[in-house]
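Quick mapping for you: the protein sequence lines, in order, are chains A and B. When you line the first sequence up against this note's numbering, it's residues 6 to 387, in that order. When you line the second sequence up against this note's numbering, it's residues 9 to 137, in that order.
Just so you know, these hints were derived from the structure itself, not from any lab. One or more of the hints may lead you astray.
[Claimed, not checked] Computed spacing ranges between beta-carbons, pair by pair:
| hint | chain 1 | residue 1 | chain 2 | residue 2 | range |
| --- | --- | --- | --- | --- | --- |
| 1 | A | G309 | B | M110 | 34 to 40 Å |
| 2 | A | D189 | B | V64 | 38 to 44 Å |
| 3 | A | P21 | B | T125 | 33 to 39 Å |
[Claimed, not checked] Not close to chain B: a few residues of chain A, all C-beta gaps over 12 Å, as computed:
| hint | residue |
| --- | --- |
| 4 | D53 |
| 5 | A125 |
| 6 | M152 |
| 7 | H178 |
| 8 | L200 |
| 9 | Q355 |
For glycine and all other residues, C-beta sits at the position ideal for the given N, C-alpha and C.
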Amino acid sequence: MTIKGKAYLAGIYEHPTRHAPDKSTAQLHAEVAKGALADAGLTKADIDGYFCGGDAPGGAMAMADYLGLKLRHLDSTDTGGCSYLIHLGHAAEAIATGHCSVALITLAGKPRTGTMPPRAIGAEVDFEAAYGATTHNVYGMCAMRHMHEFGTTSEQLAWIKVAASHHAQYNPHAMLRDVVTVEDVLHSPMISDPLHRMDCCVVTDGGGAVIVTSEAIARSLKKPLVRLIGAGEALKGPRGGQNLDLTYSAAVWSGPPAFTEAGVTPKDIKYASIYDSFTITVLMQLEDLGFCEKGKGGPFVADGNLISGTGKLPFNTDGGGLCNNHPVNRGGMTKIIEAVRQLRGEAHPQVQVPNCDLALVHGTGGLLGIRHGASTCILERV
Amino acid sequence: MDSTVKYPAPLGNPETKMFWDATVEGKLLIKRCTACGEAHYFPRALCPFCFSDQTVWEESSGEGEIYTFSLMRKSASGPYAIGYVTLKEGPSLLTNFVDCDMELLRIGQQVKVVFKTTDGAPLPFFTPV
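Just chain A, with the same shape it has in the complex (with noise of 0.2 Å):
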C-alpha cells in the first residue's frame, strides 16, 4: 500500500498580505481557501475533506462549519510549522482509500498585527516554562551545539540568509526584498547566541491553502499535473533526557521513507522547499535529509549553493520564511506553494528552475531543541 501518485495538488494559493489589521483570522482562512479552489478551477461544494492545524480558530470542527462546509473526512494533526506537510501525506492516504476525493489544507493568522495564542500545556510544563524557552533560544541552543561538535560558523549560516534574500528579490509580495551579504547577517544584532537578528525568519500575516484530490479529477482540470510521490512523518524530543542529542532532528526519520516511497534519493532533487524558521534550522535539516554529511552543511551552504541558478540545490525560491512569508510563525503552507510553483513552471523567471521536474518539501514544528515533528514530501509533475 502507498500512497504514490494517488494524490495531485490541483490548487494552491498564498495570501498576498503580509500584514492585516483589518481583517479576521476565519476571513483569511476563508479568503485563502477560495483563492486555492480558483486556482484549481473548482468550486467549495467540490471539498469533501478538511484539514487544518491549530490555527483554525475553534480548531477544526468550528472553521468547517465557517466555511460552510459538507465532509467526510476531516484531521486536525498539530505539529506546529510543518502541520500541513503531514496534512498533505494524510490527504493522500485519504483520497487513496476514497475517504474524500477534494481535500482543502488552510493556514492562517495574524502574528504580526496581535498575540498569538498560547502553546498548549504539556506533561513538562512544571518542568520547562519557568525557563523561558522561545523559538530564539531554543534553536540557539541547536546551533551553539552544532558549532561546538563540528565547527560551524555564523559566516556559513548566513549565507542561507543571503540566498533567500537573492530569491525574494524577484517577489513583489515578499516582506523583504533587499538583497543582503554575509556581512550584513554577521552585523545584524545578536538576538540569542549565536544567532543575529537577520538569522531568524520574518514575522507576518496572512495565510495560504492547498487543494488535493485524485487523479481522475486532477486531470479533468486545466493546471500542470503536479502529484505526491513520497511522504514521511515523525517526531523528535528529550525523551526522558537519554542521550540528549540536539545536532540532528526528526528529518533524519521523516526523510527516508519518503525517499523510499518515491523511489529517488536526494541527488535527483531539482528543487527542495526546506522550512526556515532560523538558517540553522535549513542547515540541520539539509544534512538530516542527506543532501550533505551531517556535520558538513555550513560548508555545502556556504558560497551561494543555494542560490537558483548558481548553486547546486536551489532552495526557498520564494525568499522563503527568512525574506518573504512566515504567516502565523508556521512556514510549513508557503513551503509546498513554491514547490509547487516551481513544478508547473510558475515561479518568478529569475528563479525557476529549469526542466523542474521533482522537489523536495520539507518542514519541522514545534521547538527543534525541546520537542518538535517533522514531515518530508516529494512531488513530482506529471
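Please build the complex by placing chain B on the supplied structure of chain A, with the hints as guidance.
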C-alpha cells in the same frame, strides 16, 4: 533573568508531588526504572524507555555539565541564559544558568543545582561550580 523576575510556581500533580516536596528541602530528584535500570527526567510514573511502572525516586547529585546553551539578549525582563545540563546520573534537563557572568558560559562547563523561590515549591536552576 535578573533577581526581580518572578518565577512561576509549579502547578504540581499527584505524579510529581514527591519531586516538588523534595525541592522544598533543597533536593533534586530524578526517577530511575528498576526494570531497565535507566534514569529519566522529568519524572514519570511509567518508564519512558521500557514502560515499566517500577520506577523509583532517586536523589541526584545536582552536579553535571553544560550540554548547550543560548544567551537570550532580547527579553523584556533582561538577558537570560537557557540551556541543557547533563546530570552525572545521565539524564539531561532544560534549565537556566544563574548567579554567574553569562558571557563566560561554555559547553562542557561543570555546574551544580541551585533552587530559586516561587510562590509555591522552589525551582531548580544551575550555576557554574
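### Query
Does the structure break any of the earlier hints, and which numbers would those be?
2, 3, 6, 8
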